[in-house]
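Asker: These are the residues of each chain, in order.
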Amino acid sequence: MSTPDDQPILRLDGEPTAPRRRRRRRSASLPAPISTPALTGTPAPPLVRAPAPATVAEMAPAAPDLPLPVELVPLTELAPAIAEISVSRRRFLGFGLAIVGGLTGATALSRLFPVFEETSSAPPPIVPAYDPVGKAWTFVVDSASCIGCGLCVVACKEENAVTEDGRFARTWVERHAVAADGTVYVDSPDGGMAGFPPTSTAPGAEGATIDAAFFEPRLCMQCENSPCTSVCPVGATYKTEDGIILVDPRRCIGCGYCVVACPYGARYLTPAAERAPNDAPGVADKCTWCYHRISRGSLPACVEVCPVGARKFGDRNDPDGEIATLVRERAPQALHPEFGTRPRVLYLGPSVEEA
Amino acid sequence: MILTGRTVILAGRPIPIAPREAADALTREVASMPRGLKIWFAALLAIIAVAVPAALVALPPGWEVLGTSPTVEWGILIVGYVFFAITTSGLCLASSLGTVFGIERFRPLEKRHAVLALLCLTTAFGLIALDLHYPVRMVFGAMLVPSPSSPMWWMGVFYGIYLCVLVVEVWSMFTNHPRIHQVTCTMAACTAIVAPATLGAVFGVLVARPFWHGPFTAILMVVSAFLSGTALLGVVFYGVHRLRLAGAERAASLAIPAIRTLLGIGLVAVTLLVARQVIAGLTSDLASLREATDALVAGPLAWQFWGRVILGLAVPLLLLALPATRTPTGTFVAALLAIVGVFVDRMTFVAAGQIAPTSAAGNVAAPFTTYSPSPVEIAIILGALAFVALAYTLVERYVDLAESDAHAAVTLPVPSLDRIKALLSPRRRAVVETAVAEAPVTPAPVTPAPVTPVTAQPTWGPAPRTDAR
Chain A
1 MSTPDDQPIL
11 RLDGEPTAPR
21 RRRRRRSASL
31 PAPISTPALT
41 GTPAPPLVRA
51 PAPATVAEMA
61 PAAPDLPLPV
71 ELVPLTELAP
81 AIAEISVSRR
91 RFLGFGLAIV
101 GGLTGATALS
111 RLFPVFEETS
121 SAPPPIVPAY
131 DPVGKAWTFV
141 VDSASCIGCG
151 LCVVACKEEN
161 AVTEDGRFAR
171 TWVERHAVAA
181 DGTVYVDSPD
191 GGMAGFPPTS
201 TAPGAEGATI
211 DAAFFEPRLC
221 MQCENSPCTS
231 VCPVGATYKT
241 EDGIILVDPR
251 RCIGCGYCVV
261 ACPYGARYLT
271 PAAERAPNDA
281 PGVADKCTWC
291 YHRISRGSLP
301 ACVEVCPVGA
311 RKFGDRNDPD
321 GEIATLVRER
331 APQALHPEFG
341 TRPRVLYLGP
351 SVEEA
Chain B
1 MILTGRTVIL
11 AGRPIPIAPR
21 EAADALTREV
31 ASMPRGLKIW
41 FAALLAIIAV
51 AVPAALVALP
61 PGWEVLGTSP
71 TVEWGILIVG
81 YVFFAITTSG
91 LCLASSLGTV
101 FGIERFRPLE
111 KRHAVLALLC
121 LTTAFGLIAL
131 DLHYPVRMVF
141 GAMLVPSPSS
151 PMWWMGVFYG
161 IYLCVLVVEV
171 WSMFTNHPRI
181 HQVTCTMAAC
191 TAIVAPATLG
201 AVFGVLVARP
211 FWHGPFTAIL
221 MVVSAFLSGT
231 ALLGVVFYGV
241 HRLRLAGAER
251 AASLAIPAIR
261 TLLGIGLVAV
271 TLLVARQVIA
281 GLTSDLASLR
291 EATDALVAGP
301 LAWQFWGRVI
311 LGLAVPLLLL
321 ALPATRTPTG
331 TFVAALLAIV
341 GVFVDRMTFV
351 AAGQIAPTSA
361 AGNVAAPFTT
371 YSPSPVEIAI
381 ILGALAFVAL
391 AYTLVERYVD
401 LAESDAHAAV
411 TLPVPSLDRI
421 KALLSPRRRA
431 VVETAVAEAP
441 VTPAPVTPAP
451 VTPVTAQPTW
461 GPAPRTDAR
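Chain order of the listed sequences is A and B.
The numbering of the first sequence is my numbering, which starts it at 1 and goes up by one.
The numbering of the second sequence is my numbering, which starts it at 1 and goes up by one.
Think of the hints as simulated: they come from the structure by calculation, not from any bench.
Errors might be hidden in some of the hints.
Said to hold, decoys possible - Here chain A is said to cover these stretches of chain B; the calculated rule only asks that three of the stretch's residues, wherever they fall, bring their Cβ under 8 Å from a Cβ of chain A:
no.	stretch
1	95–104
2	204–212
3	353–361
4	377–391
Every value quoted in this text rests on a predicted model; they were computed, and no experiment measured them.
Ideal placement from N, C-alpha and C gives every residue a C-beta, glycine not left out.
Please work from the sequences and hints to get the whole structure.
Answerer: This is how it looks when you write it as structure tokens:
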């Protein structure tokens with residue numbers, strides 16, 4: 001080490017650590033060493049400096065013939081009020097201003113070069129020919145027709161790269177089985193991915209014979225009054241112009257607030273498994289009504305593969321479409337309207353009476 | 001602070017930093033500790049030694065080691081975060097009576113509460129960082145893109161402000177800036193009401209969870225905060241009293257009775273709110289709320305709930321009410337039971353909200369979800385508690401936490417005698433002037449009377465030790 005071991009190399013009590021070297025200074029109010037008398041227990045000695053040169057001409061006598069465009073004056077002469085503030089407070093203020101300036105600069109830069117896309121302005125449509133305005137996408141699920149084959153679950157997992165772990169599903173099928181004494185047992189082995197065995201697998205009723213049952217396919221309701229979008233602390237989940245709720249996997253922090261907030265259990269946090277949608281494990285995920293398909297004029301994967309047509313999807317605003325006809329003629333209902341979320345998946349059949 | 005090549009001189013104390021001298025100094029220091037302190041440190045370090053690998057394992061992408069599932073996404077790490085966050089707020093609430101309102105009885109709490117509050121809030125943030133899957137994104141995402149519709153965002157804002165205020169408060173406390181300390185204590189007291197209320201709102205806005213939904217969650221959170229903070233102060237000040245730490249005389253005579261009052265208020269308030277919660281839940285029109293409250297009172301959570309009510313509320317109230325147990329030891333036991341009760345209450349609260357499964361996918365347990373913390377989660381929670389205990393013990397040992405004599409007193413202007421005389425009627429003025437002429441007395445200056453420490457032998461506790469600590 002260049003200094004002997006006992007020589008102070010850093011002092012926070014206002015004393016200089018090394019013999020002062022001649023330095024060119026531009027103004028008299030250079031930041032002083034941090035003076036914290038309380039830490040050392042003694043009052044800070046007054047800082048003794050050579051009188052600061054008032055002008056650059058005095059500092060650079062070797063080149064007196066250089067014309068200077070500006071005569072530099074110490075800051076304390078420009079703003080006499082600063083001289084009345086103590087040196088330590090000046091530095092504290094300067095420090096604070098530096099921090100605030102840094103944060104302001106960072107915010108300004110982030111506005112100029114957006115790290116995250118602004119969600120207030122509508123993002124450009126995925127497909128140039130797709131106009132989201134005016135679309136009223138609606139799902140109608142017929143729980144009387146569903147046979148519990150589970151093809152929809154498999155198709156969804158393949159289409160969207162959802163993990164095959166049965167606990168995590170964007171869409172799943174539940175069997176509501178009525179036992180002899182009238183109790184309803186709900187089971188969904190692996191989300192219904194492999195169909196349903198003849199006896200119940202419901203917790204607490206394993207192996208029970210089933211007298212009567214119906215199947216209820218479940219998926220994200222894309223609620224009009226969605227609780228999940230309002231509770232996200234970083235704005236990672238948002239609603240598109242055509243009413244589909246999506247999650248930005250780059251912004252999600254995985255707090256699970258939206259998962260807890262969903263009354264229909266449609267959301268989950270993607271596990272670190274063999275695959276994950278968008279290759280983004282650990283973020284919130286849910287059914288998106290295959291937005292990448294419907295914006296290209298296709299149907300969601302689960303609707304395509306359903307062999308009995310229990311799932312129907314379309315634009316309710318199309319007066320001749322299947323959905324508008326169904327809504328008009330059979331009046332499908334939402335599940336659990338008491339939550340007040342106004343889901344856009346409407347159900348027909350026994351699901352409605354039970355809910 | 002002075003840094004040389006060989007030592008750091010901190011507050012006049014030279015601490016060697018060259019490796020050999022530092023090791024020798026550390027060995028000497030440890031050898032000089034009393035045996036009880038050595039055992040305490042060893043136990044805490046052992047817990048932390050288990051917790052640190054657990055925390056490292058739980059870092060992204062290791063979140064599968066946690067016991068959460070899609071139906072119970074918020075587990076014991078969230079419980080720990082809520083517990084430490086509300087304890088922080090409660091500490092400032094409890095001691096605001098002394099720091100903000102200047103009530104002399106609560107003065108002894110002033111330094112210790114700030115240190116404890118800062119430690120608890122740091123631990124809370126550490127726990128939430130371990131629970132979040134992408135904590136770094138939260139730091140930038142929450143600040144650069146505000147989400148004012150989210151109560152969790154507001155909670156982050158208020159607790160962030162709270163952290164900054166606490167840092168300034170602790171700094172001003174130890175660098176003798178009484179005016180700044182006064183201002184920051186007032187700001188901390190205000191934030192200590194708003195922040196836990198917002199934390200309650202995080203739960204209270206969720207329509208999907210009837211047990212949490214509603215306005216009373218925020219109120220319960222603030223009152224629980226008050227109880228938790230007061231109980232922690234009760235535990236700490238019993239240690240101050242028994243171990244004769246800095247400021248022990250005022251601790252026994254002023255702090256512990258003051259804490260007893262606050263603890264009693266907190267216990268009564270929490271008991272009433274819990275009673276309301278149970279009665280309103282059981283008689284509710286919402287079937288889901290009835291089921292959740294039934295699960296709490298008579299279902300899978302019943303042991304924890306009634307254990308908490310009896311041991312965490314009823315027994316402490318009894319200990320505080322009965323004259324025979326109104327001793328520092330009785331207050332300590334009551335405070336300890338109360339704070340454990342608050343933790344158990346947070347556990348049952350978070351569990352009861354998620355007890356009704358919203359989906360059956362994967363054959364979740366029905367009709368009630370089940371959640372048990374994984375060993376990693378338990379290790380992290382114990383490590384968090386041990387960290388707070390260890391850090392606070394170090395601060396208690398090496399930093400002077402006795403009350404400072406200089407309080408930023410609020411000095412009222414002293415009206416002069418002439419001004420008073422000018423306000424009187426002439427007849428009365430003549431009376432006053434005659435009285436003043438007969439007994440000239442200069443008006444005493446209005447300064448806070450110096451507090452004399454109680455020198456009388458307390459009626460409880462061991463005889464004071466005369467040897468140095």
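Asker: Starting from the hint list further up, note which numbers the structure goes against and sort them upward.
Answerer: 1 and 4
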